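K.L.:
So the sequence lines, in the order shown, correspond to chains A and B. Residues in the first sequence are numbered from 1 upward in steps of one, following the UniProt record's numbering. Residues in the second sequence are numbered from 1 upward in steps of one, following the UniProt record's numbering.
All the given hints hold, so there is nothing to weed out.
Examples of chain B residues toward chain A, derived with CB under 7 Å:
#1 Glu41
#2 Pro46
#3 Ser47
#4 Val70
#5 Pro192
#6 Ser196
#7 Glu200
#8 Asp201
#9 Leu203
#10 Phe204
#11 Asp206
#12 Trp208
#13 Glu209
Okay, derived cross-link-like pairs now, PhoX-like style, lysine-lysine, Cα gap no bigger than 25 Å in a straight line:
#14 Lys33/A / Lys72/B
#15 Lys30/A / Lys67/B
#16 Lys72/B / Lys27/A
#17 Lys30/A / Lys107/B
Hints listed in this document are in silico derivations from the structure and should not be mistaken for laboratory results. Model, not experiment: these values are computed from the prediction. Think of the CB as a built atom: it goes at the ideal place given N, C-alpha and C, for glycine as much as any other residue.
As a plain string of letters, each chain reads:
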Amino acid sequence: MTSLKRSHAATSPTTTLSSKTYLRTLKSGKVQKIVRELYLRQDIPCSSQLCSKCLDLAPPSFQGRSEPFVLSAIPAGTKQFPQGHYLVPDTNAFLSAMDLFESEGVLQDVVVLQTVLEEVKNRSLPLYNRLIALTKNEGKRFYVFFNDFRLETYVQRNAGESINDRNDRAVRKASQWYADHLQQASEARQSIRCPAVVMLSDDKDCVRKAHLEGLVALNLNDYVAGLADADRLLDMVASSREQRIAKDDKAQMLYPEYLTISAMLTGVKAGTLHQGTFNVSPYNYLEGTVHVPSFDRSLIIMGRENSNRAVSGDVVVVEVLPKDQWKAPSSQVIEEEEVHKNDNAENEDESNEGIITQQERKFLQDEVKRTHGQSAEGRPQPTARVVGVVKRNWRQYVGHIDKDSVRSMTKESRAQQTVFLVPMDKKVPKIRVRTRQAGELLGNRVLVSIDSWDRDSRYPSGHFIRNLGELETKGAETEALLLEWDVQYRPFPKTVLDCLPPEGHNWKVPAEPTDPGWRGRRDLRDLIICSIDPPGCVDIDDALHARRLPNGNFEVGVHIADVSHFVKPNNAMDKEASLRGTTVYLVDKRIDMLPMLLGTDLCSLKPYVERYAFSVLWELDANADIVNTTFTKSVIRSREAFSYEAAQLRIDDPSQQDELTQGMRHLMMLSKKLRAKRMAAGALNLASPEVRIETESETSDPVDVKTKQLLDTNQLVEEFMLLANISVAGKNYEAFPQTALLRRHGAPPKNNFEELANQLKIKKGMELRTDSSKALADSLDLCVEHSNPFFNTLIRILATRCMMSAEYFCSGTQAFPEFRHYGLASEIYTHFTSPIRRYADLEAHRQLAAAIGYEALDSSLQSRSKLEGVCKNINVRHRNAQMAGRASVEYYVGQALKGRVIEEDGFVMRIFSNGFVVFVPRFGIEGLIRLRDMTNDDGKEPEAVFDAENYMLDIDSKRQVDLFQKVRVQISDEAEESTGKRKIKLQLI
Amino acid sequence: MANTIPLSPAELSYLHTSLSQTPPIRPDGRSPTQFRPLVAETDILPSANGSARICFADGTEAIVGVKAEVEKSSARPGATTDDIFKNSRDQDGDVDVDREESDKEGKGRDEWLEIAIEIPGMRDDDSLPVFLSAMLTEALLSDGGLKDRLWINSRFHWRLYIDILLLSQPRSYPLPLLSLTTHLALISTRIPALISEHDEDPLFNDDWEASTFLYPRSGELQARSKPPVTLLVVSIGEAVLFDPSRDELAVCDSAMAISVAQSAGAGLKVVALRMIDPPSRLTAGGVPQVLNSTSNPAATASLSPAEALVLREKDQGQTVWRPPRGGVRRAIISRIIKMVVENNGVGEEVIAGLAGVEA
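I would like the entire structure built from these sequences, with the hints used as guidance.
P.N.:
As structure tokens, this is what we get:
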């Protein structure tokens with residue numbers, strides 16, 4: 001009998017077949033035995049320009065060329081390695097010092113082993129992507145060496161050996177091979193200079209073993225210490241495992257241990273534990289909430305011990321506490337900066353103080369007292385504690401250094417010290433950072449990342465990445481908020497720009513109707529079309545026309561820039577746009593989704609030139625009811641580009657009787673009817689505080705803040721855009737019931753409004769009905785105070801905050817009743833009208849084009865899973881863009897108010913037991929007035945009685961502050977002493 | 001199995017006579033307890049949890065693959081008082097490892113084991129595969145040790161799929177071949193090492209090398225437990241023959257499948273015993289000289305059918321071949337059992353021989 005077995009086991013030096021066997025546990029709980037056969041090769045080059053042997057042996061690529069060699073023949077030397085050196089970092093080196101590897105011109109000639117690359121991928125996908133980007137960067141000279149496929153460097157897992165030990169061994173073996181190989185190569189060239197091969201590792205044991213094997217191996221810190229500019233570079237290295245372990249034995253554990261993964265999974269499946277995203281309250285850093293599917297209300301997590309090292313945004317597993325430990329949501333404002341002003345960052349030995357400081361304990365005590373008071377609002381709610389973290393969503397955080405935590409301020413001092421970094425985002429705790437450049441960083445915006453949060457440390461520890469520049473300089477602040485909201489702001493890469501039409505700005509609509517570009521397009525150049533946009537708008541997405549038909553009905557057309565003609569699915573430009581998701585508008589800057597050439601010229605429906613468009617044409621009767629709808633690709637020529645004001649003036653001017661103005665008047669008339677119908681159906685008229693910054697044209701320094709004015713023409717455009725979006729949504733859904741990209745706005749859960757309704761009832765005797773959007777719209781209309789015209793807007797702003805946010809989704813993932821857009825009171829909705837600045841619209845264009853048979857649908861739009869991925873991304877991008885925009889306005893408002901003292905009207909929005917929040921409509925700012933700041937003449941904090949049931953704060957029995965009360969406040973700005981950060985300060989007059 | 005036996009009554013009679021001698025003279029010269037030579041190897045299927053392949057010298061060949069899959073246990077309808085008792089015992093006080101091991105006892109369930117037999121040219125509902133699979137399953141299950149080993153925790157268990165594949169045409173009765181191969185595959189079967197504790201969702205060590213044998217190799221008592229083997233034994237007259245060849249089967253008086261297993265601590269024990277309808281029953285009987293119509297036409301004509309029957313019965317197979325009528329004496333059965341289970345008996349010899357394949 002001949003054996004059927006493949007003999008993998010016999011790995012004599014010449015067999016090129018090997019296998020590895022391991023087990024994989026699938027999500028479903030199934031366990032698979034995986035056997036991989038490996039065909040080991042000897043033609044994987046070392047890619048060093050020193051080596052001539054590998055040059056002959058490297059297999060040519062498909063085009064018959066072999067890849068140029070990456071590693072330099074004369075790599076840079078250091079004090080330790082004057083001959084020059086190649087680096088072979090292990091996995092931990094990359095994990096803890098990716099920022100160091102990325103920093104420009106520091107580390108070059110690095111061999112990235114396949115073993116390491118795969119391990120990095122398993123440990124952290126974002127870091128893996130950054131590492132891949134590094135290997136593609138030609139200047140950095142990072143070479144991926146496939147050591148697991150090369151016969152000489154392949155390492156088989158020994159019996160009983162852990163996979164980590166096996167990988168460490170593989171790294172050592174590869175370093176060994178490189179060293180020997182280079183030795184041979186330089187001997188062959190008869191050169192005296194032979195670069196050293198330096199293995200970098202964070203693992204003491206691995207370094208020790210490497211030394212035993214006669215390798216050059218260094219601890220990451222020791223290596224960096226030998227470089228020039230070591231102080232700055234060392235800051236970029238996360239404190240190593242050893243340093244962290246070293247203190248383990250003596251330190252007392254402050255936080256409870258996390259459960260094992262299997263225990264968490266079991267608990268979540270069994271329903272005894274719950275999984276959700278951890279959110280920290282913006283007013284009280286000690287209070288967090290976790291929304292879990294099995295409870296209507298979010299679970300409250302109170303205090304540091306219960307939140308157990310979770311950072312806002314982490315996916316955590318929580319356990320609901322017994323009922324006697326339930327707490328009510330906090331009525332106090334607690335800001336970390338205030339409570340922990342005197343913390344010492346250097347103090348590692350916190351055991352005597354424990355996890356909760358005395359001050360924190362006092363705050364929590366107050367909470368409990370109040371809970372026992374059992375007021376209506378302060379009913380205890382299900383409270384939980386975090387027992388484990390499923391996924392850390394740590395990112396890079398922007399912040400500034402807490403001045404009080406710095407010991408020596410002198411710029412010259414190079415002593416390493418631990419300082420606190422106070423993140424811009426108040427929900428993120430202080431981060432402990434070790435740095436040698438504290439003096440320099442003080443007063444600057446700094447980018448850091450969190451590395452770990454150990455059980456024995458009250459705060460997470462992180463490392464420094466980059467200095468963005470001085471606080472409050474425009475460059476630093478803008479970059480800070482772009483980083484904070486994860487907006488991709490780098491210029492478009494060449495691959496994207498290569499997708500643009502080669503004619504550039506000279507591109508024109510082909511003159512010959514026989515040109516392929518005209519295929520399937522209707523010639524609408526004769527229509528009297530115009531566009532109405534905000535002043536100074538260059539990316540004109542939409543244009544309109546209306547004319548009376550012989551039968552008395554109206555023909556109305558909405559023409560949208562035909563972006564999908566220029567951006568074809570799955571090319572580099574499409575991928576970039578899909579990643580960016582949306583254009584981000586800052587006060588002084590626009591971060592485009594598509595390259596300028598398309599956005600502001602070729603796609604933009606500029607007046608007087610012919611442009612490709614995607615048109616929706618309706619026949620509407622005099623009541624603005626739709627008689628029929630047509631969708632078509634077209635060619636148009638806009639007659640004029642109006643601003644909202646200009647259009648309004650033109651419509652209102654009775655002397656204008658030309659065709660264009662008549663058309664606009666038709667549009668105006670129809671839009672008002674459409675709007676009335678929409679309102680009758682229960683659409684909500686919501687409000688958000690919007691302000692406009694007036695800037696000096698030259699320096700773009702802000703000079704004044706104005707609230708945005710809404711004209712009838714704004715509503716005219718809005719109505720027709722809504723109509724177009726709804727029509728397209730219906731058509732796309734009909735054509736692709738499973739894969740249409742739509743937008744929904746879920747009905748808010750009833751208890752979202754509970755508090756607001758209660759407040760209105762008690763303070764104003766008004767009723768807020770929330771059973772349907774119609775009821776809500778009607779009751780909102782009734783919330784009017786004649787003495788106070790702004791009151792209604794205030795309530796609308798508050799109501800808006802109670803709603804869910806609208807989201808993009810793929811039609812196959814929801815049942816039809818869930819498609820509803822609550823705010824617009826529409827059965828179905830999508831985004832179609834702004835393809836230049838939103839990716840969702842571009843996808844809707846492609847689907848509509850396929851639905852009308854203009855072109856075939858790309859496969860990416862037919863796959864539900866791919867579309868879901870797209871939706872998920874653009875939902876996040878959309879929200880981030882809004883946040884970044886708001887943050888930008890906030891910053892500019894602050895700048896406009898700099899050095900001024902203004903008195904303004906404000907409204908009390910929220911009351912806490914130790915302060916209240918005032919909203920100033922004129923500037924769209926919301927500020928907290930603390931009791932502590934209202935010192936009376938003798939400089940003492942005023943005594944106050946907080947009546948939670950009546951939303952009232954009685955200060956010194958002299959003054960009462962009620963919810964919704966109109967107050968006069970003094971606005972000034974104040975540079976905070978400890979940080980040098982400017983803050984807007986409100987004071988009650 | 002071949003339906004027709006291409007042997008004449010004279011040949012059958014000759015065979016029967018020589019096999020009935022003491023000691024019996026087997027056509028291939030084996031001793032009564034000797035097995036035909038075989039070649040075996042294990043772990044031939046890389047992605048299975050365990051596998052084996054055996055070739056007999058007559059060219060018959062079988063492959064067995066064993067796969068284990070994690071499965072959620074459904075709640076046992078109406079847990080017995082026994083279970084409740086066990087659970088309460090779990091709760092009071094610490095449970096040490098040994099205890100936990102023994103706590104698996106009785107928790108296994110029959111349906112966790114699935115056996116599929118494929119024989120070329122036969123449908124899976126043909127009588128032979130159905131019968132064979134019933135016999136092998138019966139042996140595996142009646143040795144309670146196996147199904148108890150599949151218990152992970154009160155919520156999860158392994159489901160074991162044993163796929164038995166006969167590669168060649170069934171030249172002789174394939175039961176011993178399939179059983180031996182299954183035995184070999186099972187002792188080479190490894191299941192992933194558990195790293196989660198108690199009743200958590202199971203989590204396993206990703207290292208295949210760390211996985212444990214379904215039938216442990218080391219350890220004092222554990223190592224002695226072995227999966228069952230089913231042996232085919234025939235009796236011819238007073239003689240008892242193991243591993244009969246096709247010719248021997250054609251003349252046997254009775255055939256039986258006897259399954260023995262070795263449990264931890266104890267010696268071999270019989271876990272199943274089945275009589276098999278011997279193919280000799282289908283052979284054509286010889287005709288006595290008196291009834292030979294060719295050489296003695298007158299005599300034939302004068303005999304009534306009843307008289308002819310009496311004549312045949314009287315012959316008792318002494319002068320011509322007569323198919324066996326079935327039935328076996330108790331003494332023979334007990335002798336067979338004794339030969340199989342006794343110390344250094346056939347059973348131990350077979351199991352030791354198969355254990356040697358892996359070494």
